[in-house]
Amino acid sequence: MEFFSHLQSGLDGVLAVEPILLMVFGSVLGIIVGAIPGLSSGMAVAVLLPLTFPMAPLNGMIFLISIYVSVTYGGAITAILLNTPGAPENSVTALDGYPMSRQGRAGEAIGVAIMSSAVGGLLSYIVMLVVIGSVAAVALKFGAAEIFLIAIAGVAVLGAIGSGSPAKIAASGAFGLLIGTIGVVPTGEWRATFDNPFLAEGLPIIPVLIGIFVVSELLLLVGRDYVVDADVTVQRSLGSIFSGFRQALARPVTVLRSALLGMGIGLVPAAGATLAAFASYSLTRRLSRRPESFGTGNPEGIVACESANNACSGGALMTTLVLGVPGSVTTAILLGALTIQGLQPGPQLIYEQAPLVYGLIVAAIVSQVIMVSLAVGAGYGLSGALAVPTRILIPCLMLFAILGAFGSRNADFDVFLMLGFGAFGYLLKRDGYSPAAVVMGVILAPIADNELIRMFQLYGSDWYLAFIQRPIAAGILSLLVLVLLHGMWRRRRTTKLPAIE
Amino acid sequence: MTGRIAFGELLIPVLMVGGTAAYWIDAGGLSLEAKAFPLALTAVIAVSLAFVLVRLLRGRRSEEDGRAEGADAEGAHWPLRAALVLGPVLAVLLWGFLGATLALTAYAAATLFILGERKPLRLFLLPAGLCIALVYLFRSVLYLRLPEGLLGGFGLG
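Which chain is which? The protein sequence lines are A and B, in order.
Position in the first sequence counted from 1, then plus 34, gives you this note's numbering.
Position in the second sequence counted from 1, then plus 929, gives you this note's numbering.
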């Protein structure tokens, strides 16, 4: 009964004019951003996050969620039409989508991608709606040791599963965690603030996010005339897009399997949609009767990755809301948004702010429906005119970044901090380090640090025994070690994945 | 045994070591409870960077150490990148005097120019229009108080 009353409160919060308008607006922005290569979901959410400050918490989160879930739709369109994924999680979509486009089946490919994403996302959020209460009940049993381990896992997993040098990722993550501890400690001491009042509450997350996600990307774009070096006009029709819908629905096993896999991967802190897409594609190809057809225009390839990458968002959001640990880098930004709204993610949030949590999930479900219609329009109407001159894109986004960074506290210091992290993020990317690990570290450091200090206070000199004597903590620690060992073993073999965003 | 290391490849390790050192200059006098986690992290940073440096010295580079797409052309573009970062610094330092709209418009126009835009109308209209629209948006939606400077009296600062 409690579930139905929570669901009702969620529906009441979402089915009103303002939230629906925000969902439509957010979805449009998300599809546009997703369709422009070089602009990731993290970037979109980071740039637009300041606009949510004056909004009511639920409306602000609805707006950001709509952007978050719709970016992959837009990214699939450019992956198919231009062989240039709009977002990293759409990289695999291009493997079969672009060949289909070249075979004159662009509309069909777009239809397959849209329907697979919609079904994967719907399944993921419906499951989330049903189980989040139970997961929160389990999470309530988590103590300081468990939360500390999960926070560390959020950074450590990046090293195990991401591409790039493990040593560089470890250094990036540890450095992010270190600078994330700047500020006033629970013991009352000021740590590494240099008596700067702007650092008393720690590194402000908005300038760090905008710097690393937006400014560093813009610095990478310098020297290129266009973001996309193509001018392609592709023939497609509404009929072919709907034909693609039928093709996706004719593969229910693949859709379901990919959605479940995506959701499961999304539950792992920091795993992200890119991993989900690759894992699902690899599995589907391995299980297919015609594996050699993958990469030549097999719609099943699109079904596998699009269903998984969108389903991943539900799992990632659940981890973020229930555990307070980001399930992906983009949900790390959503975590920051919740904190700015004065809300503390964690199992308590599910009980204390049930209308908000269930409203958010309902909004994500409703957004899937809105996005299908918008994406059909975008897929039909979008031409090769995505060649945005960088000399226009860069100053536009820099202005957004400056105002967004300044807007969080009306402090010039935040703009300078953003620029500093922008330059730092650019250097990290240039030299094969992991900006994502730095961001995760900055966000997770206060959680990990506070819980560790709590452990000292609770257990004294035997604090380390909590990791072994508490069954859940021991289980998490074992899993973490297994994931790290598996990552090391995998590196000794072959698999290379693109960088996790 | 040794390989040549480009200066750029040492930049991040130097920044990380420098940042860590700066951290401990201020945090060195804290209680053990407050230092425990940062100490552990410093150890991880030290060990990780040691691995990185050893690989660099041995000249072992693999795809894993790869650089971002487009990074190799950076040598020719570092002045542009520096301008992109330093430009806003100047704009923010001056906007208390010039006003946010004027300072940001000048910054945007200068950025357009150094990135290659040469059409006079675009150089003026695009930055001005964008700045006015964005400042208005942030003021009306976020109630952001931006410095008004010289144009404050016209409501455009």
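Keep in mind the hints are simulated off the structure, nothing from the lab.
Where hints are given, some of them may not hold.
Said to hold, decoys possible - In silico SDA-like pairs for lysine to any residue, Cα to Cα no more than 20 Å straight-line:
| id | chain 1 | residue 1 | chain 2 | residue 2 |
| --- | --- | --- | --- | --- |
| 1 | B | LYS964 | A | PHE228 |
| 2 | B | LYS1048 | A | TRP497 |
| 3 | B | LYS964 | A | LEU427 |
| 4 | B | LYS964 | A | GLY509 |
| 5 | A | LYS175 | A | GLN491 |
| 6 | B | LYS1048 | A | ILE426 |
| 7 | B | LYS1048 | A | ARG258 |
| 8 | B | LYS964 | A | TRP497 |
| 9 | B | LYS1048 | A | PRO423 |
| 10 | A | LYS175 | A | PRO505 |
| 11 | B | LYS1048 | A | TYR385 |
| 12 | A | LYS175 | A | LEU499 |
| 13 | B | LYS964 | A | PHE490 |
| 14 | B | LYS964 | A | GLU223 |
| 15 | B | LYS964 | A | GLY236 |
| 16 | B | LYS964 | A | LEU492 |
| 17 | B | LYS964 | A | PRO220 |
| 18 | B | LYS964 | A | PRO505 |
| 19 | B | LYS964 | A | TYR385 |
| 20 | A | LYS175 | A | ALA388 |
| 21 | B | LYS964 | A | ARG488 |
| 22 | B | LYS964 | A | VAL218 |
| 23 | B | LYS964 | A | ILE426 |
| 24 | B | LYS964 | A | THR227 |
| 25 | B | LYS964 | A | ARG258 |
| 26 | A | LYS175 | A | ILE426 |
| 27 | A | LYS175 | A | GLY509 |
| 28 | B | LYS1048 | A | LEU427 |
Each hint tested on the structure:
1. For the suggested pair LYS964/B and PHE228/A, the alpha carbons sit about 16 Å apart, so the restraint of at most 20 Å is met.
2. For the given pair, LYS1048/B sits about 66 Å from TRP497/A by alpha-carbon distance, which is inconsistent with the 20 Å threshold.
3. Distance check on the hinted pair: LYS964/B and LEU427/A sit about 44 Å apart at the alpha-carbon level, beyond 20 Å; violated.
4. In summary, the hint linking LYS964/B to GLY509/A is not supported, as the alpha carbons are separated by about 27 Å, beyond the 20 Å threshold.
5. Straight-line distance between C-alpha atoms of LYS175/A and GLN491/A comes to about 19 Å, which keeps the hinted pair within the 20 Å bound.
6. Taking the CA atoms of LYS1048/B and ILE426/A, the gap is near 12 Å; set against the 20 Å cutoff, the hint holds.
7. Between LYS1048/B and ARG258/A the alpha-carbon distance is near 19 Å, which keeps this suggested pair within the 20 Å criterion.
8. For the suggested pair LYS964/B and TRP497/A, the alpha carbons sit about 15 Å apart, so the restraint of at most 20 Å is met.
9. Note on LYS1048/B and PRO423/A: the hinted pairing holds, with a Cα-Cα distance of about 14 Å set against a maximum of 20 Å.
10. Of the supplied pair hints, the one linking LYS175/A and PRO505/A holds, its CA atoms being roughly 11 Å apart against a limit of 20 Å.
11. A C-alpha spacing of about 58 Å is found between LYS1048/B and TYR385/A, which places the hinted pair above 20 Å, so the restraint is violated.
12. Straight-line distance between C-alpha atoms of LYS175/A and LEU499/A comes to about 18 Å, which keeps the hinted pair within the 20 Å bound.
13. At roughly 12 Å between alpha-carbon atoms, LYS964/B and PHE490/A fall within 20 Å of each other, so this suggested pair holds.
14. Annotation: proposed proximity of LYS964/B to GLU223/A holds, straight-line Cα distance about 11 Å (limit 20 Å).
15. The suggested pairing of LYS964/B with GLY236/A holds, with an alpha-carbon distance near 16 Å, which does not exceed 20 Å.
16. Pair hint LYS964/B plus LEU492/A holds up; C-alpha atoms about 17 Å apart against a cutoff of 20 Å.
17. The suggested pairing of LYS964/B with PRO220/A holds, with an alpha-carbon distance near 12 Å, which does not exceed 20 Å.
18. Straight-line distance between C-alpha atoms of LYS964/B and PRO505/A comes to about 28 Å, which puts the hinted pair past the 20 Å bound.
19. Among the hinted pairs, LYS964/B with TYR385/A is inconsistent with the structure: their alpha-carbon atoms are about 34 Å apart, more than 20 Å.
20. Proximity of LYS175/A to ALA388/A is assessed by CA-CA distance (about 19 Å); at most 20 Å being required, the pair is judged to hold.
21. The hinted pair formed by LYS964/B and ARG488/A meets the criterion: a straight-line CA distance of about 14 Å does not exceed 20 Å.
22. Pair hint LYS964/B plus VAL218/A holds up; C-alpha atoms about 12 Å apart against a cutoff of 20 Å.
23. Distance restraint check for LYS964/B and ILE426/A: the Cα-Cα separation of roughly 47 Å exceeds the 20 Å cut-off, and the hinted pair is therefore not satisfied.
24. Note on LYS964/B and THR227/A: the hinted pairing holds, with a Cα-Cα distance of about 14 Å set against a maximum of 20 Å.
25. For a cut-off of 20 Å, the pair hint linking LYS964/B to ARG258/A is broken: about 45 Å separates their Cα positions.
26. Distance check on the hinted pair: LYS175/A and ILE426/A sit about 52 Å apart at the alpha-carbon level, beyond 20 Å; violated.
27. Annotation: proposed proximity of LYS175/A to GLY509/A holds, straight-line Cα distance about 13 Å (limit 20 Å).
28. Proximity of LYS1048/B to LEU427/A is assessed by CA-CA distance (about 16 Å); at most 20 Å being required, the pair is judged to hold.
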